[in-house]
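Enquirer: Residues per chain, in single letters:
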Amino acid sequence: MEAFLHQVIGGLATGGIYASVALALVMIHQATHLLNFAQGEMAMFSTYIAWALINAGVPYWAAFFLTIAFAFVLGLAIQHFVMRNIRTTSVLQLVIVFIGLLVIFNSVAGWIFTYTIKVFPSPFPKGALWGQKYLSPHELGAICVTLVVLTLLWAFFRFTSLGLAMRAAAQNPGSSRLVGIRVAWMLALGWGLAAAVGAVAGMMVAPIVYLDPNMMAGILLYAFAAALIGGIDSPGGAVLGGFLVGVLENVLGAYVVGNELKLGVALVLIIGVLLVKPSGLFGSVQVTRV
Amino acid sequence: MSAVVPAAANSLSPAASRQRLQWIGLAVLLIAACALPFLVSNYRTFQFTLVLVYAIALLGLNILTGYNGQISLGHGAFYAIGAYVAAIMMDRFGMPYWSTVPIAGALCLVVGFLFGLPALRLEGHYLALATFALGVTMPQLLKNKAVEKWTGGVQGIVIVKPDAPFGLKLSPDQWLYLFTLAITVVMFVIGWNLIRGRVGRALVAIRDHPIAASAMGIDTARYKSLAFGVSAMYTGIAGSLGAIAIQFVAPDSFAVGLSIGLLTGIVIGGLASIPGAIFGAIFIQFIPNIADHISKAAPWAIYGIFLIGFMFLMPMGINGAIRLGWARLRHRIPAQQKGG
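Protein chains in written order, with this note's numbering: chain A, 1 to 290; chain B, 1001 to 1340.
Since the hints were made in silico from the structure, they are not lab data.
Keep in mind that the hints are not guaranteed to be accurate.
Now the in silico label distances, taken between C-beta atoms and shown as ranges [claimed, not checked]:
| hint | chain 1 | residue 1 | chain 2 | residue 2 | range |
| --- | --- | --- | --- | --- | --- |
| 1 | A | 73 | B | 1216 | 32 to 40 Å |
| 2 | A | 178 | B | 1323 | 38 to 46 Å |
| 3 | B | 1323 | A | 84 | 23 to 31 Å |
| 4 | B | 1118 | A | 81 | 32 to 40 Å |
| 5 | A | 175 | B | 1185 | 53 to 61 Å |
| 6 | B | 1293 | A | 8 | 47 to 55 Å |
| 7 | B | 1193 | A | 118 | 48 to 56 Å |
| 8 | B | 1323 | A | 174 | 32 to 40 Å |
| 9 | A | 278 | B | 1201 | 24 to 32 Å |
No residue lacks a Cβ here, since even glycine has one placed at the ideal position from N, Cα and C.
Next up, chain B with everything else stripped away, as it sits in the complex (with noise of 0.2 Å):
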């Protein structure tokens, strides 16, 4: 009982100062993101480019997933979407790399809405097997003759990767990171500002109760089908991103395994967590690349084993364990101070 009292009586102060290094801890990091690409090899800088794409990506499905508690096993399929929107107008318009961004979120926005209106009323298994149906065709539709005009077919399409602008002295695998960056950056901040508000908590609420949320006044239908349309948007700027560095979209670089991916990197991260999205991305991005030393078979046998480990032993994700670590480190100094 003595031990709460003295650190109930000046919560406030500890509370701040915690802030305040979490302000500062934040800014270090983007400091040490930015300096990154020039610390380090193009090809490595490359790999980086992407961890913060799959970043995105995680963080549009954790939106949708962890927070608003709706399955997606589907959503290679919005990021393909966001690609091939990037690769087209690249390529076939000769628009510029920058334009395709907006435009593959806008499109992957309308697109996620209107999928989430009829999976409005589908829930759990079901809304899982729906979203899996639409990973597992995608492919299939990218590869439709009817569209071949556009799509390249088979073959893909192939993308010139963007050169720095005004003059900066960069490569264009350095630029592109620190695009990257900025917009990985613009759609966090998004991202905290939408999950920590008002929508965030009806979200919560929803996944967590959906029959107290309505009867709270929650617009049920509009936020759950709004979430996907969000979440959607999130993947589909990845996906633009996405094929900008890999220079390349082909329909069998999005099969379901990307979707089985991107589920895999949202529970190791930690689902419902919004620093969790960083924390998967590096799982996704270099443990199948170490892996594949072992065997082609080695990245696939892990994402599994990590699948369900993590839902046995670890259900919060690598973020979790984090702040649970912290948490008793954090109990346990004061008490050693007072025993000692």
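This is chain A alone, in the form it adopts within the complex (with noise of 0.2 Å):
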């Protein structure tokens, strides 16, 4: 039983990562409606930015927000210099893009900081918590900091204008230029806020996984297929299918397929979740017009 429950909080701990990048995902998808496969690499590049920055002698926290800065404007560049000139409709030639970048970041990374394993540190202290075994600080502090963004990203959307013209320009792009919405700025935006949201994210995996160009091959599959079963337009669902993975993971590769397969869980999650039910737990259902 005590094996059980350590199983089950150390992977509510990596699902908050995988509900971070799933987060990411989803805000790319609302604006876009595109599945973005560079998106782990975006993160992880931002991650070795705030490393460089950490090692330059810069405080924790203060890299913290310029590395959250700096994804910012990487997404919004990547959007307004490459996916905004691109005039296709083609999802093969979008895919073929998204690779490209993926594979841009991961070698400039390697090419930059060299493809030997570094350790990142963590904000939150060592040690046991409460003197409980189950979690450690860095844990429960990336839990926090995943739970943190997904509130702030929600009051955004719904409090402020820039959250409302952003969802409009999402929904209805041609109305939205109509009143006054700067459409492709919106685009831009959405990019630079799931770039932003990606870094937290790669920022909080780097001190379990170690920084590496190839860290987030793996978690990018964990958080699609997070997304997915969460509803791939719902951020909410994204947050709690993030948690669910974590956990089915953690669970399922203790006791069920060992940890060798944990990806093929992964896997079946994401073919099992497309076939029997696209729209996820909170996804609305795409209706296409013949």
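Could you fit the two chains together into a complex? Lean on the hints.
Expert: Spelled out as structure tokens, the structure:
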């Protein structure tokens, strides 16, 4: 029982990470109706920037916010310079561009920072938390940070006029343009926010998995699984899905399929959800007009 | 107007002459390909063997992604299955190398067809995502303890390069090149016949307008899962040939990078083009080797830049660019003759 509890709580901790990346995926999907395969690598690259800043002597929290700002600009730039100029609606071409971005971020990070594994600091204290051994301070901190990010995003979209404009631009670009919303900039803003959320996830996951250019490959898959379970257009669902996937991964890994096949859980979840309930738990059903 | 009419009036003879030119070009190319191993070193021969292997895999991926419009980011998984079939049959069961190729193809046909059945319900991004997950997961499945008895786990399997049969005075590399070349030619002829016929038109129709295609009576589900199976079969055959040439298989050689490399190959060679598979194969075999001298990361950076650059500048790939250039040249020359 105690071991089981350990697995569940450990799962919640990694689930928080999946939740943040899933949240970033959902944000880009909401703004553009695309699945961003480069999301994980963008987060990884931002985390390297944070690492470089911290190594240069910048205090952790200053580096944290500087990195978020950097990631925001990065996302903005990708939309403004790359995605906006691609005049195609062909899904194949868009996916190819995303894969191109993924490969570029991965190789540039490897080129600049080398492929050796690096230790990334945690802002939270070390040692046991309140004398229990289930949850480390960093894991609890990561969960809290995820929840704070979710709340901030929810408040932004719910209470600010900019958030309203972004939702409008995503839902109906044509009418939004007519009422004076600059749709292209709203899309860029969506990319920027998603990249910033991804950067937070990267900085929270790096102390656990260590920093290297390939650290996000598995996490991205779990995040996709999480986003699909929650419903690709539901931010709250993505967060819940993230925690669910984290727990499922740990419990199934420990008791059913074994640790080596943990990624197989993501594969089965992704295909299973797409086949059985493509709209996820909280997503809206997509209807296409013939 | 005057320039168009004469061209249209005797359109038959230029078309026929162009076709003859194409046949002659193909024959010259084939003779050159046969002569190649006797002109270059064994190592270069080995590299060209891999070009042929990639060409088969790219043709397979192109049937699925280029012609049928189903995106696969996980074809490395089928390549891995083919490679492991060859390695396990040769190493564990002592089967001859040539017998592994059809079995790898048959197994991948079945696996691809079965994966294609659920994939029928997925479109666009979601299919890309599902296949991406397959590609990322494959190395882990191969490392799994349950199958370690056959796959050799992380260490992989070392196999022996076959010697030339019938007492032919060829080095193993030369023989393997010619063996691979023969299979490549067969696979390309099959692929060409498949694409230019009824099946190929059905595949393209499904890609361009699935609703119209099914309204015309094309069994969309059957053709799509068939395309998946055939495509996986090509890639599996390539995988088995690749394993025999490299003499080694290990899970980490079939990471998601392989799938991305194959995708890069068809984009650069040309989506929905048969010669494009060869251009793409030459690219993914030689460009990373050259770029490797700059930095370990450089080959991938080049892949990425080429992927995005081609989508911006040459969405039809090298093959499309050559056709375009050729068409422009042909239009210019008669125009000049008329003017002069």
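Enquirer: Each of the hints needs a verdict: does it hold here or not?
Expert: Now the hints, each set against the structure:
1. A/73 / B/1216: 32 to 40 Å: 50 Å Cβ-Cβ, so the 32 to 40 Å window is violated.
2. A/178 / B/1323: 38 to 46 Å: For residue 1323 of chain B against residue 178 of chain A, whose Cβ atoms are near 42 Å apart, the range 38 to 46 Å holds.
3. B/1323 / A/84: 23 to 31 Å: 29 Å, holds
4. B/1118 / A/81: 32 to 40 Å: 37 Å, holds
5. A/175 / B/1185: 53 to 61 Å: Hint holds: Cβ distance 57 Å, inside 53 to 61 Å.
6. B/1293 / A/8: 47 to 55 Å: 50 Å Cβ-Cβ, so the 47 to 55 Å window holds.
7. B/1193 / A/118: 48 to 56 Å: With Cβ atoms ~53 Å apart, the hint holds.
8. B/1323 / A/174: 32 to 40 Å: Holds - the Cβ-Cβ distance for residue 1323 of chain B and residue 174 of chain A, about 37 Å, lies within 32 to 40 Å.
9. A/278 / B/1201: 24 to 32 Å: 30 Å, holds
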